[in-house]
Amino acid sequence: DARVTQTPRHKVTEMGQEVTMRCQPILGHNTVFWYRQTMMQGLELLAYFRNRAPLDDSGMPKDRFSAEMPDATLATLKIQPSEPRDSAVYFCASGLGQGSETQYFGPGTRLLVL
Amino acid sequence: DAKTTQPNSMESNEEEPVHLPCNHSTISGTDYIHWYRQLPSQGPEYVIHGLTSNVNNRMASLAIAEDRKSSTLILHRATLRDAAVYYCILTLYNFNKFYFGSGTKLNVKP
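Line by line, the protein sequences are chains E and Z.
The numbering of the first sequence is the numbering used here, which starts it at 1138 and goes up by one.
The numbering of the second sequence is the numbering used here, which starts it at 56 and goes up by one.
Do not take every clue at face value.
As the list claims (entries may be wrong) - Cross-link-like lysine to aspartate or glutamate pairs, in silico, DMTMM-like; alpha carbons within 25 Å at most:
1) Z:58 <-> Z:121
2) Z:152 <-> E:1151
3) Z:152 <-> E:1181
4) E:1148 <-> Z:100
5) Z:124 <-> Z:66
6) Z:152 <-> E:1194
7) Z:152 <-> E:1223
8) Z:58 <-> E:1194
9) E:1199 <-> E:1181
10) Z:160 <-> E:1208
11) Z:58 <-> E:1200
12) Z:160 <-> Z:66
Unchecked claim - Now the in silico label distances, taken between C-beta atoms and shown as ranges:
13) E:1150 <-> Z:111: 34 to 40 Å
14) E:1191 <-> Z:66: 28 to 34 Å
15) Z:95 <-> E:1157: 51 to 57 Å
16) E:1220 <-> Z:108: 35 to 41 Å
17) Z:84 <-> E:1221: 41 to 47 Å
18) Z:95 <-> E:1177: 14 to 20 Å
19) Z:60 <-> E:1207: 50 to 56 Å
20) E:1150 <-> Z:71: 31 to 37 Å
21) Z:65 <-> E:1164: 24 to 30 Å
Hints in this document: simulated from the structure, not taken from any laboratory.
Backbone N, C-alpha and C fix where the C-beta goes; we use that ideal spot for every residue, glycine too.
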């Protein structure tokens, strides 16, 4: 049963530290999405990639967030420096890149910035 | 981006059908209607999607109004495992940005 995996599942860090979250999309999927979920804002799309190229990162704070796909099996989301307001659950999802595709979500990384 | 409106919460009894409504009066002709659900402490999962015709799968049915301005997700026999937040989302064909609203929190009573 193919699944999206995310590491770490939980992260507690102090303000100012760098945080790196990793995602392994389902093998063969060429589209990767990063979402953030908070109680106040709900689920927000931060960025998405197709064939490893960033298609849209308009939802991402540019000054501290960066997203990359070093290869087809790994997507990363980095926050540097982290702030308490970045505390949230970060989800990665992948898809086949076809019209109106289904997105398959990972279990999320729960981030707490103190 | 086209907006969807859903009730904040609904309640159902176990083993009974549940009809979850969604209004999308500004839908365009090329918008697909997707439903996802999020179980507690999990990522969202796909339920069903459609364009114009009603759709059925093993999880649920999707009934789409003739004018496409509303749709209804139907769970034929609710179980306790169906307690989740259900999201109705519109997306353009081949433009896969999903905008999740606040969804409907479904509570299933034994």
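These are the hints, each one checked on the structure:
Restraint check: the Cα-Cα separation between residue 58 (chain Z) and residue 121 (chain Z) comes to about 18 Å, which is no more than 25 Å; the hinted pair holds. For the proposed pair residue 152 (chain Z) and residue 1151 (chain E), the alpha carbon gap of about 32 Å is over 25 Å, so the pair is violated. Note on residue 152 (chain Z) and residue 1181 (chain E): the hinted pairing holds, with a Cα-Cα distance of about 10 Å set against a maximum of 25 Å. A threshold of 25 Å between alpha carbons decides the hint, and for residue 1148 (chain E) with residue 100 (chain Z) the separation of about 23 Å falls inside it, so the pair holds.
The straight-line distance between the Cα atoms of residue 124 (chain Z) and residue 66 (chain Z) is roughly 24 Å, inside the 25 Å bound, and the hint therefore holds. Note on residue 152 (chain Z) and residue 1194 (chain E): the hinted pairing holds, with a Cα-Cα distance of about 11 Å set against a maximum of 25 Å. Our distance criterion of 25 Å between C-alpha atoms is met by residue 152 (chain Z) and residue 1223 (chain E), whose separation comes to about 22 Å. Restraint check for residue 58 (chain Z) and residue 1194 (chain E): the C-alpha separation of about 21 Å stays at or below 25 Å, so the hint holds.
Distance restraint check for residue 1199 (chain E) and residue 1181 (chain E): the Cα-Cα separation of roughly 15 Å lies within the 25 Å cut-off, and the hinted pair is therefore satisfied. A hinted pair counts as satisfied when its Cα atoms are at most 25 Å apart, and residue 160 (chain Z) with residue 1208 (chain E) does not qualify at roughly 37 Å. As the CA atoms of residue 58 (chain Z) and residue 1200 (chain E) are separated by approximately 29 Å, the hinted pair breaks the 25 Å bound. Distance check on the hinted pair: residue 160 (chain Z) and residue 66 (chain Z) sit about 8 Å apart at the alpha-carbon level, within 25 Å; holds.
For residue 1150 (chain E) paired with residue 111 (chain Z), a C-beta distance near 46 Å fails the hint of 34 to 40 Å. In this structure the hint that residue 1191 (chain E) and residue 66 (chain Z) lie 28 to 34 Å apart at CB is violated, the actual value being about 42 Å. For residue 95 (chain Z) and residue 1157 (chain E), the hinted distance range of 51 to 57 Å is not satisfied, since their beta carbons lie about 27 Å from each other. A beta carbon spacing of about 47 Å between residue 1220 (chain E) and residue 108 (chain Z) contradicts the range 35 to 41 Å that was offered as a hint.
Between residue 84 (chain Z) and residue 1221 (chain E) the Cβ separation comes to about 44 Å, which falls inside the hinted range of 41 to 47 Å. A hinted range of 14 to 20 Å holds for the C-beta pair residue 95 (chain Z) and residue 1177 (chain E), which are about 18 Å apart. Range check, residue 60 (chain Z) to residue 1207 (chain E): about 40 Å between beta-carbon atoms, so the 50 to 56 Å window is missed. For residue 1150 (chain E) and residue 71 (chain Z), the hinted distance range of 31 to 37 Å is not satisfied, since their beta carbons lie about 46 Å from each other.
Between residue 65 (chain Z) and residue 1164 (chain E) the beta carbons are some 37 Å apart, a value that contradicts the proposed interval 24 to 30 Å.
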